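S.K.: The sequence shown maps to residues 1 to 209 in the numbering used here.
One or more hints might be untrue.
With a cut-off of at most 20 Å between alpha-carbon atoms, the simulated SDA-like pairs for lysine to any residue come out as follows [unchecked claim]:
hint : residue 1 : residue 2
1    : Lys42     : Pro21
2    : Lys42     : Asp90
3    : Lys42     : Asp24
4    : Lys42     : Asp190
5    : Lys42     : Leu23
6    : Lys42     : Asp71
7    : Lys199    : Lys42
8    : Lys199    : Asp71
9    : Lys151    : Lys199
10   : Lys199    : Leu171
11   : Lys199    : Gly181
12   : Lys199    : Pro5
13   : Lys151    : Leu176
14   : Lys42     : Pro5
15   : Lys199    : Pro162
16   : Lys151    : Gly134
Treat the hints as calculated values from the structure; they're not laboratory data.
Note that the structure is a prediction, hence the values are computed from the model and not measured.
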Amino acid sequence: MQHSPLIAIVDVDVATRAAWPPLDLARAYMDGGARLLQVRAKQVASAPFLELCEAVVASARPYDASVIINDRVDVARLSGAAGVHLGQEDLPATAARQQLGAQSIVGLSTHTVEQIEDARREPISYVAVGPIFGTATKDTGYDAVGLELVKQAVARVGAGLPVVAIGGITLERVRLVTDAGATSVAVISDLLTGGSPMKRVQQYLRALG
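Start from the sequences and build out the full structure, keeping to the hints where you can.
M.R.: What follows is the structure, encoded as structure tokens:
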């Protein structure tokens, strides 16, 4: 997986609440320099979700940006996305890899040391750890795990597997997370802080640089 310090998550519900059409929000993130986007929609039917993902993938090509789809391996494949981000209740990573191919990005969310240990044996591109801090955006069913689990993940997976921190990440906290060893951060709500997602992404990339 090409290293990207920021995964900009286009969450349809969050975008709608902020009065941003999801496709426009994706473009604003890419205008700011984001080169790895995740598209996430928990409440959208399959057909309109596929249509959105196809549009985001097409928009990403001129930026040489990669798009991954949350949860939906079928939509990732049909839209031509670069890969998928899986939760603990989704298809196994092995099945996703078989459907999407060896070059695809397959990320996996983990919330406990045991899940991190299991993830090490899966054919994944990165392991996501979270929620690091409290978050109102993403109900994982898990309490905030804190920076200690980031450190545990880094120690357990070794240098070969990137560790992505997610959950309650803000610009003010981002250095805490990378100092704990995270390779990248995945951000949803805080990218909309300040009213200019493009400028917010630029601020993140400067902080992560």
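S.K.: Against each hint, give a clear statement of whether it holds in the structure.
M.R.: Now the hints, each set against the structure:
no.	hint	in the structure
1	Lys42 <-> Pro21	holds (16 Å)
2	Lys42 <-> Asp90	holds (13 Å)
3	Lys42 <-> Asp24	holds (19 Å)
4	Lys42 <-> Asp190	holds (19 Å)
5	Lys42 <-> Leu23	holds (16 Å)
6	Lys42 <-> Asp71	holds (9 Å)
7	Lys199 <-> Lys42	violated (27 Å)
8	Lys199 <-> Asp71	violated (28 Å)
9	Lys151 <-> Lys199	violated (30 Å)
10	Lys199 <-> Leu171	holds (12 Å)
11	Lys199 <-> Gly181	violated (25 Å)
12	Lys199 <-> Pro5	holds (16 Å)
13	Lys151 <-> Leu176	holds (11 Å)
14	Lys42 <-> Pro5	violated (25 Å)
15	Lys199 <-> Pro162	violated (26 Å)
16	Lys151 <-> Gly134	holds (18 Å)
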